[in-house]
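Protein chains in written order, with the numbering used here: chain C, 1 to 302; chain F, 1 to 353.
Just so you know, these hints were derived from the structure itself, not from any lab. Given the structure is predicted, the values throughout are model-derived calculations rather than measurements. Backbone N, C-alpha and C define an ideal beta-carbon position, used for all residues, glycine too. Treat each hint with caution, since some may be false.
Derived list of chain F stretches under chain C, where covered just means 3 residues or more per stretch with a C-beta under 8 Å from a C-beta of chain C [claimed, not checked]: (1) 53–59; (2) 129–137; (3) 147–161; (4) 184–191; (5) 272–285; (6) 311–318.
DEER-style ranges, computed between Cβ atoms [stated by the list, open to error]: (7) C:W59 - F:K23: 34 to 40 Å; (8) F:G131 - C:G132: 41 to 47 Å; (9) F:A97 - C:L139: 47 to 53 Å; (10) C:F285 - F:L283: 39 to 45 Å; (11) F:K23 - C:G218: 31 to 37 Å; (12) C:L139 - F:S224: 55 to 61 Å; (13) C:G301 - F:E222: 28 to 34 Å; (14) F:N262 - C:E4: 38 to 44 Å; (15) F:A20 - C:W59: 57 to 63 Å; (16) C:A77 - F:T12: 21 to 27 Å.
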Amino acid sequence: MDTEVLVAGFLAAAVRVATPLVLAATGETITERSGVINLGLEGTMLAGALAATLGATAWGPWSGVACAIVAGMLLAAVFALLAVGARADQIITGTAITLAAFGLTGTIYRQAYGSGGAGLTIPTLKSLAIPGLSQIPVLGSALFDQPAPTYLALLAMPIVWWVLFRTRLGLALRATGEGAAMARAAGVRTNLIRSGATVVGGGFAGLAGASLVLAQVGSFTEGMTAGRGYVAIAIVVLGRWHPGGIALGALLFGVATALQFLLQTLGLDAPYQLFLMLPYLLTLFALAGAVGRVRAPADLGR
Amino acid sequence: MKALGWAVAAVTLGLAVLFAGLKGAGFDAEAGLGALWLGAFGSWDAFTSSTLVRAVPLILIGLGISVAFRGGALNIGAEGQFYAGAIAATWVGLHLAGRPAPIAIGALLLAAAIAGLCWVAVPVWLKLRFGVIEVISTLLLNFVAVSLVSFMVQGPLQERGRIYPQSEAIAETARLPLLPGSRLHAGFVLAVAGGLVLWFLFAKTLWGFRLRVVGMGPRAAEVSGRIDSQRVSAMALLLSGAIAGLAGGVEVSGVSYALFQNLSPGYGFTGIAVALLGGLHPLGVVIAGILFGALEAGAGAMQRDAGVPAVAVYVVEAVVIIVALLATVPRGGGWTGLRAVVRKRIAPGKAAG
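One chain only, chain C, in its complex shape (with noise of 0.2 Å):
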């Protein structure tokens, strides 16, 4: 029995930090297939959680995650204007986007609340237990006892690989990331997919961020993503651009953050800075053996 909820408390651990990285992993896989890496997800999850915190702060926990998803979408359409419209190089536009908002999410948040702001308390995502769902035992809990995000992840997934894979506009939308020149040549509006599916992308990463503030950490600090955005992008390749491939890559990182728990609340005394290190570590180590045997969208990047 002791064993029996350990195991179900990791578990359960693990979905709730592995949820935001399916979420922003996921609307980074529709950007990436139509051709544009966005490497200013980190930001753009930053500007997300902020605009949680304040539209919670404001309006209660769902205004919240809208404004997260509206501010998403804005960010990623700045980028698009740029990395698309202009045509400006993807990563370097990427990178300047994550500084940009780092510099606005500080600023605003320190104009909001004053510098000493970390105490503060905003209304979050309650956990909803599916009813019989969440009976099931060990698994139950874990992935049918939490707060919504997780539930609109799962959701999220079938959607999207049925709009990538079993759509017109999916096809249009591969087509783009593979190859621009044909697909416009056979009257794809190419860009308008790819800013398209940029903006997308980018609603995903508010959300996700909506989901780190108001149902992982219940408050926000600066630059508290810390790298997850670059992690989600590292998932993105490990999931194969594929929706069911991310879930997976996303929970491997999860059960790898959730073990520095469960460690350490069996005692073992090891530095907890090598459990800070296993997630990233493992995700490099599983990019060395999944990259080998799979192709990024060819005009991924141009």
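Model the placement of chain F on the given structure of chain C, informed by the hints.
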């Protein structure tokens, strides 16, 4: 000359955005920009002890990044390489008491450069062996490096009292000499000399030529010039990592004299901006590094004296990068492309995907 014009335009626009943003957010924008200026250039002491001291790591990292970018390798991991260099430099610096200064400093800086090189050797290997793109691998290793520093200053390298998360101070002889009456250290000379050496390498040697060819088009380089572009790219990444590691060593040996967490306030990322603003030209990077050093030195003064959050300057840096980027976008892009988007009048086939 044209590049200089763009750089001035970029910085002016960046500051204008900052001014408007601060005004809009209800800060005292005039006082903020005034404090920024005074903190960066207001006195000889501000210029040498703040601006130039802050510029040294930015110049060095910017130089390292420009080597990689010129060779077509996107090194986003300078932050990690900087930390690797700082760890090695501290470790060596703690064991050098009593050695003559030139040997001590030389050993420390060499260790730092080697550590940076080793840190980037992992992504190089992953790229050559498994095809993992360096953008992702160098980035992921940044987080590993940050945790490694945290481990070091609370573990093997922690000060003797075992209270503070920092190392003991390195040996006196391993410290870089200072300009009398200021905190400016000899690392500045090293950074400028590095710029000159790289300029010579880029402009006057076969290696520099190959690097440029590969950066412009690896396939063309292989077909027409019989250049092994993978090898050239790998060399560029390794050199770039070594320079970023050296920057970490210089910071320890010239400024902090010890290792602690958050030794770098994001130098590895700002260095990308410096490299780009400098047009990947070594001498341009030196100037851009001083400029960004001034911005960051001024940012501290802005927060202290005018109550404006220092992080606001990141917005200026972002605007500067974007303008510099748009200035260098190839045909069909840049402002023409942007205008085309705004007017929604993109002729099919013209704006090539």
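Checked hints:
For the stretch 53–59 of chain F, the proposed coverage by chain C is not satisfied: 0 residues have a C-beta within less than 8 Å of a C-beta in that chain, short of the threshold of three. Counting residues of the stretch 129–137 of chain F whose beta carbon lies closer than 8 Å to any beta carbon of chain C gives 8, which meets the minimum of three for the stated coverage. Only residues whose C-beta sits within less than 8 Å of a C-beta in chain C count toward coverage, and the stretch 147–161 of chain F has 6 of them, enough to reach three; the restraint holds. Look at the stretch 184–191 of chain F against chain C: 0 of its residues bring a Cβ nearer than 8 Å to a Cβ of that chain, fewer than three, so the hint is violated.
Restraint check on the stretch 272–285 of chain F versus chain C: 3 residues with Cβ-Cβ distances below 8 Å, three needed, restraint holds. For the stretch 311–318 of chain F, the assignment as covered by chain C holds, since 8 residues bring a beta-carbon within under 8 Å of that chain's beta-carbons and 3 suffice. Under the hint 34 to 40 Å, the C-beta atoms of C:W59 and F:K23, about 27 Å apart, miss the expected range. For F:G131 and C:G132, the Cβ-Cβ distance of about 45 Å falls inside the hinted range of 41 to 47 Å, so the restraint holds.
Against the hinted window of 47 to 53 Å, the Cβ-Cβ separation of F:A97 and C:L139 comes to about 59 Å, which falls outside the hint. Here the CB-CB span from C:F285 to F:L283 is close to 41 Å, well matched to the stated 39 to 45 Å. A C-beta distance of roughly 33 Å is found between F:K23 and C:G218, which places it inside the suggested range of 31 to 37 Å. The hinted window of 55 to 61 Å between C:L139 and F:S224 holds, with their beta carbons roughly 58 Å apart.
Between C:G301 and F:E222 the beta carbon distance is about 20 Å. The supplied range of 28 to 34 Å is therefore violated. At about 41 Å, the beta-carbon gap between F:N262 and C:E4 stays in the expected band of 38 to 44 Å. The given range of 57 to 63 Å is broken by F:A20 and C:W59, whose C-beta atoms sit roughly 27 Å from each other. Checked against the hint of 21 to 27 Å, the C-beta distance between C:A77 and F:T12 comes to roughly 25 Å, which is consistent with it.
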